[in-house]
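S.K.: Below, each chain spelled out in residue letters.
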Amino acid sequence: EAQVTQNPRYLITVTGKKLTVTCSQNMNHEYMSWYRQDPGLGLRQIYYSMNVEVTDKGDVPEGYKVSRKEKRNFPLILESPSPNQTSLYFCASGAPGGGVNTQYFGPGTRLTVL
Amino acid sequence: AQSVAQPEDQVNVAEGNPLTVKCTYSVSGNPYLFWYVQYPNRGLQFLLKYITGDNLVKGSYGFEAEFNKSQTSFHLKKPSALVSDSALYFCAVRDDTGGFKTIFGAGTRLFVKA
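As given, the protein sequences belong to chains A and B, one line each in that order. Under my numbering, the first residue of the first sequence carries the number 1470, and numbering increases by one thereafter. Under my numbering, the first residue of the second sequence carries the number 8, and numbering increases by one thereafter.
Note that these hints are calculated values from the structure, not bench results. Heads up, a few of these hints could be off.
What the hints assert, rightly or not - Residues from chain B that face chain A, not an exhaustive set, calculated with beta carbons under 7 Å:
{"no.": "1", "residue": "P47"}
{"no.": "2", "residue": "L55"}
{"no.": "3", "residue": "K84"}
{"no.": "4", "residue": "F107"}
{"no.": "5", "residue": "T109"}
{"no.": "6", "residue": "F111"}
{"no.": "7", "residue": "G112"}
{"no.": "8", "residue": "A113"}
{"no.": "9", "residue": "G114"}
{"no.": "10", "residue": "F118"}
Glycine is no exception: its CB is placed at the ideal position from the N, C-alpha and C atoms.
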């Protein structure tokens, strides 16, 4: 089954404790992206990647890191989480297909930073 | 800078009546426009997109959207609403100037009453 998976689905942590949220897709997509969803703000793009070793900042990259060492995986790293990073996070992938892509979203990771 | 506005936080409609969810956008180049739907506790699902060509785009579950360049709008429509259409709807935009940053609107919650 074609899908985007994220782990963990739920995470409660404390300020300053490094964490990683994994994202994996099995559709051989070049494009992957991370978003956070907050009430009233919709989805805001954190980082995206056009291919292995190619990443770029979205609208809200501060406090986050990403890496793209393999085509299928795109982990999101919070080196020192803070309470304002409490949010619902979505990973997505897509095939540019001539410069345009439809994105396929994972189920989401709900993060709480105390 | 790119932006998307969904002017209604919530839309209420009776089952069987037509529905419209509004979206306006601003981009530098030509727009690529998308609608996604989010059901409770789920990730986003693609509904439809406008890239070029016919201004009326048909998508999944009987939804359609009309691209209006002069009004910079991309409203989502359905001729006859179902209770099962109740969900959170997001409009998104990218432009054709070469970047792959995607901007989402804040979302519109659709309630369809039986």
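S.K.: It remains to establish, for every hint, whether it holds in the given structure.
M.R.: Do the hints match the structure? See the list:
no., hint, verdict
1, P47, "violated (11 Å)"
2, L55, "violated (9 Å)"
3, K84, "violated (20 Å)"
4, F107, "holds (6 Å)"
5, T109, "holds (6 Å)"
6, F111, "holds (4 Å)"
7, G112, "holds (5 Å)"
8, A113, "holds (4 Å)"
9, G114, "holds (5 Å)"
10, F118, "violated (17 Å)"
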